[in-house]
Structure formats: C-alpha cells, structure tokens
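**Q** Here is how the chains run, residue by residue.
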Amino acid sequence: MTADAKTLVIGIGNEYRGDDAVGLDVARRLSQSTPGKCEVIQANGAGIDLIGKWENYDHVIVVDAVRSESAPGTIHRIDAVNEELPDAWFHSSTHTVSLPEAIGLAGTLGLMPTNLTIYGIEGENFEPGVSLSPAVKQAAEHLIARILDEVATA
Amino acid sequence: MKEKIKSIKVDYLARVEGEGALHVKIKEGKVTDVRFNIFEPPRFFEAFLRGRHFTEAPDITARICGICPVAYQMSAVHAMENALSVSVDGQLRALRRLIYCGEWIESHALHVYMLHAPDFLGYQDAIEMARDYPEMVKQGLRLKKIGNELVTLIGGREIHPINVKVGGFYKLPTKADLAVIAEKLTWARSAAHDMIDFTARLDFPDFKQDYQYVALRHPDEYPFCEGRIVSNKGLDISVEEYENFFQEEHVKHSTSLHSLTRNGEPYATGPLARYSLNFDRLYPDVQRAATGARLSETCFNPFKSIIVRSVETLQAVEEATRIIEAYQQPEKACVDIEARESRGCGCTEAPRGSLYHRYTLDAEGTILNAKIVPPTSQNQKIIESDLWHFVPENLNLSHDDLTWKCEQVIRNYDPCISCSCHFLNLTVERG
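Sequences listed follow chains A and B, in order.
For the first sequence, the residue numbers in my numbering are 404 to 557.
For the second sequence, the residue numbers in my numbering are 129 to 559.
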C-alpha cells in the first residue's frame, strides 16, 4: 500500500472463463494508469479473502462480472454499504464464499470499509476461453475512465 | 397416514467447493439408495495436459483448484522429478514444505471456522455464526490470511502460485522476507491452540466406522510430499505401485470417477487418515495438544475431523516456524533437468487427502499421457458409505434435521467438488 493510497480497487475474476475475466482486465489496466493514486489488486473471487484485503482502506471499489439478464456490457453500480447485493448476480459455485456473503460477513463483524462500491459488468460468455466479448471490452474501457475520475476526486 | 417413501433432497449443497447433489431414499425405515448426482462438467485437465511441455504441468494443474493449487503443483513437480530422476533436497525441499504449510493453514482455517463450525453450533452459515461468535470468526479470517500470505510469499501470488517449477523455484525468498511471516506465526500458534480448544468442546454425534485409512507415511515427518502409501489394513507400498492397488470406476450418477482398492473396497483419505496413521510423526507439543483435546492416537469419528484439522493447523504452524528459523537462502533456485522419454508419478497430501499424479513424457519432454486422482474422488465411496450407516441410526430426526445432518456427513470430508471434476446438490426420500 502506498503512503497516500486511500482507495483500493479490487478486480475479481477467472481469466480463463471468457467475460468472467473482465474484473481482472480492468484491474490490470488501471494499475498501469494510476501510479500512487490508488492501490489496485487482482483476486480470483474468493469472497472471504476480500475482507482481509480491504481492512486498511476507507474507499474500496470492487469490479466483477455479473449475470443479471441485462444487455451484455451493462455497468451496474452498487453502494454496498447502503444497498443489498443481488446474490444471484454473482455466481458463487467455485468461490466458496460469494462476494455478497463476504460483504454480509464483513458487515456483521464491523469490518466494512467506509465506502464500498461494487461495479458489476454484465457478461455475455462465461465458457472456457481467454477473450472478452466486444460489448464487455467496451464496458471495461468506460469503467476504467469512470474509476479514474472517481479516484481523482476522492 | 404414514408416508410409504420419503426422500431427502438437497438440490444445492452449501459450504462445499463446487456443485453437486445428494439423493437418499428410505423405504419402510430402511435406506434403499444413496447417490451423489454430479452435474458440474468434467474438467478434462488430463486431456489439456497432453501435448504440453513437462515444465508447464505445475502452472496448468494449479488451475484445477482455487483452494488447493499448491497440492496440484507439488504432486505435478514430484511426478515430473520422479520421471526425470531428479531429487530436490535441502532448503529447496524445505521451501516446498513451507508453501504447503501455507495451503494447509488457509484451507483448514476456511473449512473449520467458516464452513464446518456453523454445523455444530446450529447456524446456517458463518455470517449467522459471526453474530454470536465474532471473535472466533475474526480469528479464522486472520489465520486464513496468514496461510494465504505464506503461499503468496513463496508462490509469487496467492491464488494459482506461479513461482513453483519442476526442479525448484523461479525465485527464492530471502531470510528477511520470511522473518515478516515468522512474527505472524507466533500469533497463529496461539490461535491454532484456541482452535483446538474450541473445536474439542463441540458436541459430536456418536458415530464411527471401521474405515480403511490411506495416507502417506514418511520415516521422520508428518507427511506432505513424500513417503510410502500406507493403510491401517496392512498396505505399505511405494508411490510407483499406486495403480497396482487402487482403481477408479465410472458410476452412472456422477461425472466424477469413484476410487476403490483393487479388491473393490472403499477407503478414506484426508486429515483423519493422515492423523491416525501418523500420530507419532506430529511434533510432541502438537501430540500433547491433540491428547489434551481428548483425541486418541487414532480417530474413527468423521465428525471429529474438525478437531483433527485444527491439530493439523497447529502442526503446519509449528512446521513453518521451524523451516523459517533454519532457512538459509540457497545459491540456486532450482536443479537442472534434462528431458527424456520417461514415466513418473507423485503423491502428496493435499488438505483434503492424497493427490496422485502420473505422467508419460517423450524424449523432448512433451506430455503424452496424464492421470490425476484428486482426494475427493477417492473419498466419494466413503461419503456414500457413511450415509448408508448414518441415516438408519437417525431416522427419528425430523425431515429437515435429517437433511441437514446428511449435509454435515458430506462436509466432514470437506469435499472439493470442483477439483474432483469431477462433482455435488441433496434428496432424502423416506417412508
């Protein structure tokens, strides 16, 4: 953690499951363009481990792929401190403890950051493979710009 | 009017890795069927490996599981080194044990505090349990984090480590790097003692079976990566002999293969087997902690696996501490290896049990053939067998309670359905 970094961005996903990798893609590209502004890390989606990662930060942004039956590339923004996360959006089968469950646990234990924003990018294809769908790729570009703005004004 | 047939049906089993289903059928007070229905597609990793270079096996197999990637890497590197007649000793060997300690700590902490303890305390999940036991849950989170940090430090990153290679490592940690973790392990030792005390005080069903336990046994150490494969029924073989004594069979209701001995008998692998076959290889203070928790030197009650995992967590913390104290950074990060036509196998102790790999290589080191037998595949028959015995003894329970207990019987084995493919969702049908 850099001395003045108060914001942590966590990109979640599986880089070998198509659009599931979008969170990782956003994190990778953000880490090249935000020197010192914020800390950026990649995670595989094990929700339980996120709690330990955000404990020293006031502002946390999590980026993950979601499935909510919206149009591919739709960017959902959820203020996780004040709003509930729809459990079904975040597939949890191999994640043991899903993102919504981890947030529930952190809330119960008083381990939530002051601000926790979840950006969910609607995925189209979650089959094994290493490329993002065009709409998802475009959404990632928009989201990077948006997060850079948010970090600059934080 | 009394129902003739009842079924316990659990479509999605919570708190196990991956997805799967269980169906139990009870007719006139007797269990007539127990079946795991597996619907996660098989993962074809054995096929992915064919045509890849032997050096790629640790990185590819690490992808099979997000919880125990180190186990896959360790079995892969040992199998390759066995094929290519290379031995990795001294500090490099110690570092391999150290990264494995990290994986045991994080995997056991996750299962004991977050997935298994809520069963015994009557909570649906860790979130509910955290309302009444916040300090215990926080302790579990911190312990898991220390395990993750150990894996990250040696493995280069937390999930799917990238620093492990056939012959050793790409980059070595310095003594100073390890000193940072050593301080945290002092806290972890005390937490692991609390974990043992906490789990020992839980209420356990009076249930046991005459299991055939199978685990590695090493001449001096509690087993991680090396040793002979032994059982409590007289088996004592080298890893090379594994396929002469164990077989895998297809069952209709599962995409996972079920493992049996060549005689067609089920067997159990994992913490209970390891502990019961290697109690004398635990450090003396860990043995005392186990005895203090009223565990005998062998344990045949699968519900008590939660205590045994806690004991193994302490063992891993002690082992990690000793390795770090003795660590001297070696000059070379790995030994030289030349490819040649060969066949080799390796078996290491994943948190959930023995994990066997076998590879055939051509003269250039290309993988011609791969076989991977994960611990959950090996334990499936025993899980079904436990249910065949457990359900008739608990027919007095309400439908909901019996269903829940069946889930617990499965969770006793911490099954990793994703990596056994290869697997788990629950029906109990009764009358």
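Hints were generated in silico from the structure; no laboratory data involved.
All C-beta atoms, glycine included, are put in the ideal place defined by N, C-alpha and C.
Please note that the accuracy of each hint is not assured.
[Unchecked claim] Here are a few chain B residues that sit away from chain A, every Cβ distance over 12 Å (derived from the structure):
1. GLN219
2. GLU234
3. ALA254
4. GLU256
5. VAL265
6. GLY268
7. ASN276
8. GLU277
9. HIS288
10. ASP334
11. THR449
12. SER526
[To be verified] Calculated pairs, DSS-like style, for lysine-lysine (alpha carbon to alpha carbon, straight line, at most 27 Å):
13. A:LYS456 <-> B:LYS312
14. B:LYS293 <-> B:LYS303
15. B:LYS361 <-> A:LYS409
[As the list claims (entries may be wrong)] Restraint-style ranges between C-beta atoms, simulated for each label pair:
16. B:PHE373 <-> A:ASP490: 15 to 25 Å
17. B:ARG285 <-> A:GLU553: 48 to 58 Å
18. A:ARG549 <-> B:HIS181: 16 to 26 Å
19. B:PHE373 <-> A:ALA474: 33 to 43 Å
20. A:GLU458 <-> B:ARG285: 17 to 27 Å
21. B:PHE373 <-> A:ARG432: 45 to 55 Å
22. A:ARG549 <-> B:LEU330: 22 to 32 Å
23. A:ALA474 <-> B:ARG450: 55 to 65 Å
24. B:ASP464 <-> A:ASP490: 25 to 35 Å
**Q** Look at each hint and say if it fits the structure.
**A** Comparing the hints with the structure gives:
no. : hint                              : verdict
1   : GLN219                            : holds, 29 Å
2   : GLU234                            : violated, 9 Å
3   : ALA254                            : violated, 6 Å
4   : GLU256                            : violated, 8 Å
5   : VAL265                            : violated, 6 Å
6   : GLY268                            : violated, 9 Å
7   : ASN276                            : violated, 6 Å
8   : GLU277                            : violated, 9 Å
9   : HIS288                            : violated, 7 Å
10  : ASP334                            : holds, 30 Å
11  : THR449                            : holds, 21 Å
12  : SER526                            : holds, 27 Å
13  : A:LYS456 <-> B:LYS312             : holds, 16 Å
14  : B:LYS293 <-> B:LYS303             : holds, 20 Å
15  : B:LYS361 <-> A:LYS409             : violated, 59 Å
16  : B:PHE373 <-> A:ASP490: 15 to 25 Å : violated, 45 Å
17  : B:ARG285 <-> A:GLU553: 48 to 58 Å : violated, 26 Å
18  : A:ARG549 <-> B:HIS181: 16 to 26 Å : violated, 42 Å
19  : B:PHE373 <-> A:ALA474: 33 to 43 Å : violated, 56 Å
20  : A:GLU458 <-> B:ARG285: 17 to 27 Å : holds, 19 Å
21  : B:PHE373 <-> A:ARG432: 45 to 55 Å : holds, 51 Å
22  : A:ARG549 <-> B:LEU330: 22 to 32 Å : violated, 48 Å
23  : A:ALA474 <-> B:ARG450: 55 to 65 Å : holds, 56 Å
24  : B:ASP464 <-> A:ASP490: 25 to 35 Å : violated, 51 Å
Hint compliance for this structure: hints 2, 3, 4, 5, 6, 7, 8, 9, 15, 16, 17, 18, 19, 22 and 24 are broken, all remaining hints hold.
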